[in-house]
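Chain by chain, the residues run as shown.
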Amino acid sequence: MAKARKIPEIAKKPSSFCPGCGHGIAIRLITECLEEMGQDTNVMFGIGVGCSSLLGGVLETDRLHCLHGRAGAVCTGMKRVSPNQMVVSYQGDGDAYSIGIGETTSAAYRNENISVFVVNNTNYGMTGGQMSNTTLPGQKTTTSVLGRDCAITGSPIKFPELVSDQFNVAYAARGAVTTPAEINKTKKYIKEALTAQLNGEGYSVVEILSACPTNWGMTPLQSVEHIHTKVVEHFPLGEYKTREAK
Amino acid sequence: MKVKVESLRCKQCELCVVNCPKDAITFTEEFNEFGYRTTVIDDDKCIGCGICYTMCPDGVYEIIGE
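Just so you know, the protein sequences line up as chains X and L, in that order.
Per the working numbering, the very first residue in the first sequence carries number 6; after that it's consecutive.
Per the working numbering, the very first residue in the second sequence carries number 38; after that it's consecutive.
Just so you know, these hints were derived from the structure itself, not from any lab.
Keep in mind it's a predicted model, so treat the numbers as computed, not measured.
All C-beta atoms, glycine included, are put in the ideal place defined by N, C-alpha and C.
Errors might be hidden in some of the hints.
What the hints assert, rightly or not - Here are some, though not all, of the chain L residues that point toward chain X, as calculated from beta-carbon distances under 8 Å:
1) V55
2) T65
3) E66
4) G72
5) T75
6) P94
7) G96
8) I101
To be verified - Here are the simulated SDA-like pairs of lysine to any residue, each with C-alpha atoms no more than 25 Å apart in a straight line:
9) X:K196 to L:Y73
10) X:K18 to L:Q49
11) L:K41 to X:K235
12) X:K18 to L:Y73
13) L:K41 to X:E40
14) X:K18 to L:K59
15) X:K235 to L:E51
16) X:K18 to L:R46
17) X:K193 to L:I100
18) X:K17 to L:D81
19) L:K59 to X:N189
20) X:K145 to X:N173
21) X:K193 to X:E238
22) L:K41 to X:P24
23) X:K8 to L:F68
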């Protein structure tokens, strides 16, 4: 009956994320997948700046804290120097899509053999909830106090759609960490992404929609509801590019 | 006991309480070191399904298993 389940050893230290933040679940899913694939001692993380930086305090494995937005470029170097090591980039939406959009898209364009996990909470969480490229139209943040006006600031960027449509990447998907069903689906996406890298198929990206109760001004339960009613409208869940059958 | 609860890690987000299919998890009157209310699992209701483990962002729960 009950299956024994325990937090992976490499992510056992307590985190300092806010209550209800989805980062904790995302980190657990990634490390669980690595453990199941037997790669948890053969991995190097490239960590972005922002709330994703707090991953550095959780992990007990090789990791490098990259310059803001440059994890795509740093992970490229790490993978080329040690091709037998799993290289995982862990970034937030502000880091990967706003400040580091050049590095992130360039790595996807070259089809680098790395796995990129982007936690999207539609704002810059750590610095106090400023508007990012993924902020929803009309969403109020500390730098868009009247709600985001897309006529001036552009529309939310949809990265998995962009790379699956325009570039020759191995795998692109978007999941959420809101309900047990969505979490299990997201875990499947993460495993596909890591398997793609293990088999040398190329660039894999999984965007993970996560709650940000602190900066959205909501309770954790309201934030989960907000993702299902509002965020998913702009960021549809699912696989955008599946791995080619081997 | 089917689930081990590490109360010190709890941040009182309530995600486990609302997602538990058997309503086995409730908040206690106790606070942990960081000032968050801790949870307790009713062993008679618990079926060890692991939903609390899946939902918890902070690794409070460990499913012991068979």
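Hint check results:
| no. | hint | in the structure |
| --- | --- | --- |
| 1 | V55 | 6 Å, holds |
| 2 | T65 | 16 Å, violated |
| 3 | E66 | 18 Å, violated |
| 4 | G72 | 11 Å, violated |
| 5 | T75 | 13 Å, violated |
| 6 | P94 | 3 Å, holds |
| 7 | G96 | 4 Å, holds |
| 8 | I101 | 6 Å, holds |
| 9 | X:K196 to L:Y73 | 33 Å, violated |
| 10 | X:K18 to L:Q49 | 18 Å, holds |
| 11 | L:K41 to X:K235 | 35 Å, violated |
| 12 | X:K18 to L:Y73 | 18 Å, holds |
| 13 | L:K41 to X:E40 | 21 Å, holds |
| 14 | X:K18 to L:K59 | 29 Å, violated |
| 15 | X:K235 to L:E51 | 21 Å, holds |
| 16 | X:K18 to L:R46 | 10 Å, holds |
| 17 | X:K193 to L:I100 | 21 Å, holds |
| 18 | X:K17 to L:D81 | 29 Å, violated |
| 19 | L:K59 to X:N189 | 19 Å, holds |
| 20 | X:K145 to X:N173 | 36 Å, violated |
| 21 | X:K193 to X:E238 | 22 Å, holds |
| 22 | L:K41 to X:P24 | 20 Å, holds |
| 23 | X:K8 to L:F68 | 30 Å, violated |
The earlier numbered hints that this structure contradicts are 2, 3, 4, 5, 9, 11, 14, 18, 20 and 23.
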